[in-house]
Amino acid sequence: MNPAAREFALDPAAYGLPTRDDLVKLRIWDMHYHGFYGGGIRQHEENLFYVERMGIERMLSLDIAGSPTDPLGTSIPDEKKREMRDYLEKHADRVSGLIPIDPSQPDESCRKMEDWIRNGPCIGIKYYGGNPGGVVCSHPDNNVIIRLAAELKAVIYIHTWMKIGGQPRRPGGDNERGESTPMDVALLAERFPSVPLICGHSGGDWELGVRAVRPHENVHIEFSGSDPHSGQVDYTVREVGASRMIWGGHGPSRSYSTELSKVLDADLTHDQRLQIFGGNLRRLAARIFRQKGYKL
Amino acid sequence: MPREGEKGTTIDRRSFVKAALLPAALPLAAALASASAQAAEPPSGQTRAGPDIIDSNVHLFEWPFRKLKYDKTEPLVAKLRKHRITQAWAGSFEAVLHKQLDAINRRLAEECKAHGDGMLIPFGSVNPAWADWEEDLRRCHEQYRMPGLRLYPAYHGYALDLPEFARLLSEAAKRGLLVQIAMRLEDERVHHVAISVPLVNASPLAEVLKKVPLAKVQLVNSAGPLLGNNVSDLVRDTQITFDIAATEGNGGIGRLIKGENYSYRGSIPVERLLFGSHAPLFPCESALLKLFESPLSLEQLEKLMNANARRLIG
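The listed protein sequences derive, respectively, from chains A and B.
In terms of our numbering, the first sequence opens at residue 1 and continues consecutively.
In terms of our numbering, the second sequence opens at residue 297 and continues consecutively.
It is worth saying that the hints were derived from the structure and are not from the lab.
Note that the Cβ used here is the ideal one computed from N, Cα and C, for glycine as well.
Wrong hints could be hidden among the right ones.
Stated by the list, open to error - Looking from chain B toward chain A, a few residues come up when the C-beta cut is under 10 Å (computed):
id, residue
1, A345
2, P347
3, H379
4, L495
5, E544
6, S593
If we strip away everything but chain B, and leave its shape as in the complex, we get:
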């Protein structure tokens, strides 16, 4: 499995420190000062300051309910690269409503290989509520060489206390697979009139994970209200990680780390947070700007931008 992003994430320490604590008021190089937020390519031979980014939450293909600007793989990859995202973990929007999951997973793996420019890592989907899910999981791991799975319990019709869900975590743990759980894809208040998708209840997770201590689990789009009162239990009793795509509030990430975010009941240490954009449904600028809206240190940024992700599927 290619990991093109890893080479790019080697940080030139001297350049990195040089860029540290750069007062925003200082004049910037003309190429970097574009108000139109265009990507800034470094002059040939120069190393860009700061770490590259691993995006743990992107999707390929068409969102069933809207045409998206970046639902073709090549433009999406180009867009991510413009923002120094050099590796992206990609699920498939087709897995949300289709039933032939193996065909979806195979197409995802092929698309990543053919058009991912070496930066897309496929995350297939398995539905533990359906018969013979074990075979889908096996193919994801053995045939498509995926390092992880992305689950959609709200759309796939099961709750996290389903016994087969715990068994899936156990099987994934045996294979060293990361399991991502999509807590939400779109705000329930604006869903299409034809669908009724329940909220994912995170309450059973801590107990389930205590029984599968080796499971590697990440919650994506885990907005504070969706986690309810479970933040402290999940942080204290499990090794679960979270992405930042749905973290809200002015200075939301910094406040979340300090336990001062308005919409989370509890704090999440920076070591448990991964960059995730939820592109192409969300603009990737949303998660990117959040890295700068909070006054985070270089050490915290490095963890968020790639070190935590690398630890998870490295």
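So here's chain A without its partners, still in its complex pose:
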């Protein structure tokens, strides 16, 4: 740990902000961490300065052995994959890994899950914002993936966005091929009502995204990766309750400040903050964490 990470020229509390100690007490788990994006352990280690400074307790990395253009990581050398497995095993007290899967290659995705989750250090799967085959998460080919994830008790994170565009212009009309929307997550949730799903980014357009998954109790909402809008968290709590919300940091590309401010802006009880910043995620991940002997 770099001691400079804990030194501040001014006291945040004097500006009506939580101190680092306050943040540590909130036990913040980051559901959306890109420190390993591109496979970079070095980038992650450099970023630990800010993780430490902002009092983040645990990061869940979404980029283990895969990338948006190669979700299954077929082009990644075996040596690099071994290095990543070793790193995750060695640092299991701080970092957890989710593996990208490719819904256009369900069988290969399941093989990767066997390798990295059942027989490896990882604890969940991630749907990227698009895939080479252009298959969204509501497609029936996903059934085999979700069934296996449920059997493994894996955390299921689905990137969703609704980018305005297209002809006629509509939310989601400018999405990438294979980029799921919250409406896709809702369809999947209907087919698997007992499997917890995480709808990532709240659909980007959160006012519409929350509506789409609102009826499905098994869907949790993660809300990183968009600009911080005052009132977003108040609205989401009102519509689905704090128990269905999960915090993500989206670093290093987004600022922790951006993502923390969404919650700090909201009129919440201390218990609701604890739920959103980590309590709900610990509950979702508890079974696989216990199975693997990871600290909760």
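Chain A is already provided as a structure; the job is to place chain B on it using the hints.
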């Protein structure tokens, strides 16, 4: 024009230094340790350590597309004060889509005076693509005593190579007015289906400003991708300044100063950066926390929090 914030920004040097390099692990006074991020008021008679803040980027009134928590002036002012923001430069959300800009500017000036608790400085809007914009500018300066203007080129339908835009900069410079250019108000990906607002292209700015060297210009909400490859030219060839509301990345401000921010192609010296929150659309906690997320020195913080802003319209 009242400048209530200035009195509050006088720093008690001894208290300031005393607070310097405070290890966060040290126990804090109970009143300052609230996890609920409530404001910490100092006991009567004591000076708070550290500088107060000038916020160069707030708006009043209703955002056309959503009810906001702080779209009434008094609650907004109270919220800013809770976070030691003692002066805020306020534009009007009504200027974004309305055409009667003078009425909007007058209402803004009146609102700041009536409900601003002495801390709101009105920044009116002028559209150089519309006929007789010169009269709007004159009224902003002479009638409403505004120290600056806020422009919305994306919503007002012009690009920065419009000849009238250069002329507006020249007229503003003659009057000593600061011109703020809103590079973005809301992420284009989540705009309402009924509107199609283009990105502001910053490329012409450096050349335009070379011809108006006395112009005082600030870009607000100038996220790295919006500036494209223009950061170095703008820093080297102009005196342009930027706010931090849209600066992203872990440790984003510190990295931007060092030229290591992932989303900016170039570095921006701390002397060119101003605190801006984009409240009430953004939570003001976002920009505030960014001051602490980066390991900035006291000297850098003082510049960001108020000294650079004071230099611009002082």
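Tell me, in ascending order, the numbers of any earlier hints that this structure violates.
As far as the earlier hints go, only 4 is violated by this structure.
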